[in-house]
Amino acid sequence: MFRYHKKIAVILMLALLLGSMLGTVGCGQKSVQKVLKIGVVGPESGGGAQLGQGQRKAIQMAVDEINANKGAGEWKLEVFFEDDEGNPTKSASATNKLLQQSQANVIIGAIHSSATLADMVVTSRAGIPQITAGSTGASITEQNNKWIFRTAVNDEFQANALVKYAKEVLGIKKMATFTAADDYGQSGAKLLAAAAQKYGVELVATPTYNNGDKDFKPQLLTIKEKGAQGIFMWGLYTEAALIAKQAQQLDVKAQLFGASGMAALKLIELGGDAVQGLILTQTFLPDSTDEKVKEFVQKYKSKYNENPIPHAAQAYDTVYIIAEAVKKANSNKPDALRDALTKTAGLKLVTGEPKFNEKGDDIGKRLLITTIKGDKFELVKAVMTNE
Amino acid sequence: MQYFLNGLPIGAIYALVALSYSLIYAASGVLNWSQGDMVMLGAYLGFTLFQLLNLGFTPALFISMAFVACVGVLVQYFILRPLRERKAPPINVVIATLGVAIITRNIALVIWGPDAQIFSSPVSAKPITLGALSITPQDILIVTVGIGLMLVLQYFLKKTREGKALRAVAQDRYGAILMGIDTQRSDGVAFAASAALGAAAGILVAPIFFVTFNMGAGIGLKGFVAAVIGGLGYIPGAIAGGFFLGIVEAIAGGKISSGYRDAITFALLILVLWLKPSGLFLRKTRQKV
Amino acid sequence: MKGITKWRTYGILGVLLLLLFLVPQVVSNIYYLHIINLGGIYTLITIGLNLLSGYTGQVSMGQAGYFAVGTYVSSLLMMNLKFPFWAALLVAVVAAAICGLIIGIPAMKLSGPYLVLATVGFGEIVRLVLLNWTPVTKGAAGLTGIPLPEFMGMRISSEKDFFYLIFIVLLLGTYVAQRLAKSKIGRTFTAIREDELAAEAMGVPVNLYKISAFVISAVYAGVAGALFGSFAGVASPDNFTFDESVAFLSMSVIGGNRSIVGAVIGAFVLTFLSEALRVFQALRLVIYGGILIFTVIYMPKGLYGLVEQGQNWFSRQFLAGKKDYSS
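From first to last, the protein sequence lines are chains V, Y and F. All residue numbers for the first sequence refer to this note's numbering, where the first residue is 1 and numbers rise by one. All residue numbers for the second sequence refer to this note's numbering, where the first residue is 1 and numbers rise by one. All residue numbers for the third sequence refer to this note's numbering, where the first residue is 1 and numbers rise by one.
If we strip away everything but chain V, and leave its shape as in the complex, we get:
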């Protein structure tokens, strides 16, 4: 019995190892058709799995559509997905696998900024364009890396738009930031502080929280004591909903603000009446009357039976940007693709009219200032990111 199990275990392990190593070697068949291979990295398990899975679903949908409609001309898109668990080391390995095993011509990913930065080391060494549809961390496009593009909206613009609105429309004089202690939250905190200075709002408290925290009452009490009229949150929706709920329980009267990272219908579902009136910026509103948005939401809903998250919309657009680039370049060579990407123009997509600046940031995004009313987001004001 004992030995029998042991043998099975050994055989199983060896088979797994060899099988997967050898199995992938023989995959280099050449086809006559022009194929563009897209590699996608994102957290499909671990924290942030909802973002990674939303990204995956939207990309799969976009690829299927483009292939069905010949949206990339003669080019057929082929897509490969790898899970990075939100871990930068695993993300770099996954990117390496996509480049070497799947022979990806372009990478979409990752979502966590730390993972995206690790992937950029791999893609820039290999000289392959990478587009992140989920990482908003400021440092990503500050690396002097010509291979990186970003279709997520730059945080700086969001911070400015929010604080400006708070000051000029709502007359808020004292504000507090309450941000996640991750790259996303910290860069948000920095940008909010800069915006506060720019528009002359006094910043009275800047507490943070660690992702996965459940109890925010201590920080909220501090904010309450300092007399902030507005609380600017920068993090994901689970924590934001909890913060809103606990703020209500502690009878904190300040206006809540948030950014695109938490913009999901789930925020309203989780937050209930605690998030009513919360003001946040986002690039995508499922109830929008915009034709493109309506169409996307309808398709996504009928395919996956759930509402798309903003990350999904951005990822969806990213595939269309790539399709356009490969059509224009008529090549899957990295340099040609990169050049075509930098010249992206004239596309009308779900989240705006993409156009990249010299750092790789998409400056053609629509930014929507919205508020929560009932069970949906309501548009307050739309601004373009190219100002």
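No wet-lab data here; the hints were simulated from the structure. None of these values were measured; they are calculated from a predicted model. Hints may be right or wrong, so weigh each one.
What the hints assert, rightly or not - In the DSSO-like style, the derived pairs of lysine-lysine whose C-alpha atoms are separated by at most 27 Å in a straight line are:
| no. | chain 1 | residue 1 | chain 2 | residue 2 |
| --- | --- | --- | --- | --- |
| 1 | V | LYS174 | Y | LYS255 |
| 2 | Y | LYS87 | F | LYS160 |
| 3 | F | LYS160 | V | LYS333 |
| 4 | V | LYS253 | V | LYS57 |
| 5 | V | LYS167 | V | LYS198 |
| 6 | V | LYS224 | Y | LYS126 |
| 7 | F | LYS109 | V | LYS146 |
| 8 | V | LYS214 | Y | LYS126 |
| 9 | V | LYS37 | V | LYS343 |
| 10 | V | LYS57 | V | LYS292 |
| 11 | V | LYS70 | V | LYS348 |
| 12 | V | LYS226 | Y | LYS126 |
| 13 | Y | LYS255 | V | LYS226 |
| 14 | V | LYS359 | V | LYS37 |
| 15 | V | LYS253 | Y | LYS126 |
| 16 | F | LYS301 | V | LYS37 |
| 17 | Y | LYS87 | F | LYS82 |
| 18 | F | LYS160 | V | LYS146 |
| 19 | V | LYS214 | Y | LYS87 |
| 20 | Y | LYS87 | V | LYS253 |
| 21 | Y | LYS87 | V | LYS224 |
We have chain V already, so just place chains Y and F on it with the hints.
Just chains Y and F, lined up with the frame of chain V:
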């Protein structure tokens, strides 16, 4: 004072999880790292029964406790028992239970998906204010049900046959074997009771924390910390440790630094361990259960 | 008998390493090389862990902490003070050793779950400090643009270059560990693991040895960290989570924590395995967990136990009953 009050409900949750660690450690001498994921499993089952199938809160609580208890027994039977039979070192048990945690977490991800699920509170969410202090009915529910469960556990250990057997094994495993006590069975009982306690903690905490597939890691680790602070294997210590940790966290987070809150907790823990290696609340004579 | 075992071990090691030196010539796929390199870095950590937990019997679930200290100290020195790689590595190792000393002192009184938790706590403290001490560590964004190592004008840049760098260090590390394990120190470690009181009664300064074991394991993780920083080019607190510490401990146990070769086997097998399982997509981690459980139950001595069995079988067949269980 408000910080103190805020620390109570989370302290009750930590106490329940700490109890589940302590119970298994006392009864079978192993460290079970899958406790946190039993909390998660309990929360998801509660969510499915209460939120999706519209069962009442109490039946949902008991059914999921029973179900997770069965999972606990399975873990004991299929993982702990063979390890024991092979006299595997404790570290192997640690790795095996970490394996259970990984499996549970990822199966939950496949079944329930990556989104946080909402678990609406069975009681009103309106806070009750007393002067400058406020507390929600859900918090009161957590503390009362938590304390209730602790009393039930105490009754079970002191008055029932199974409970007495468990205590006997905890005090002297080999002596108990000589007395004709089935240690295999008492291991199973300990795993079942621990898993059920974890599940209860999960359901109680679900309305304030939401339900996510990776909620177990954090709660599990904190519960373990609480158990160790109180003296692992010492039941009153686990309860005291849980409340102590909850309150310390609330104060450290509010008064010192929220970012460093957990670092402060752990530094305190290492200090406690250095000065008093058997926990804060355990007297010199090692008394189990 | 002793001599045979010794030469056999070195022989196996030698052949293994010769093969490894040929690897980059044969393996042209950068992805495979990347995984092999990562495995090499993890092996260093696992070797240290085996000396600590396998030999001395002190379990640590906080190795990611030393690993992080190694990475951050060396990377920051290279980035901000323009230290050459080797000097940064040395300072990083000293820093990690100091951390090993700091945690070793309270740890010497602890055992079992208490020790596990103290080390978990250490790992988490390091991660949280990296996350929150923003002016120095750049917080959650982490370090980017970590310089590549340079030796006498030679720049280590490709996966192949890194392979040689990592494996020269690994060869050295394995050799030192093997020597240490067979030396008086190694035997004292084992004596402490087997019976601390008896060792103390024999006049062994138990606490000193226990702390040294911590320092040694920290040194190995520190070296690995310094290599990792330059290898990955970026580092953030996300690289050094509790899950990483768990992975290192799993490598140690799965490989077999009572031998140095076990560390090599465990680190490589688990690193490859977690990549190989990618084909299973969503069920990947479920299978990974299952394999962990299966291995610790049915191979209580880890994969190295199998090697030993194979050796014994070999001895029985060819060397007529010369058995040796000294390792």
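ask   = Any hints this thing doesn't respect? Which numbers, in order?
value = 2, 4, 7, 16, 17, 19, 20 and 21
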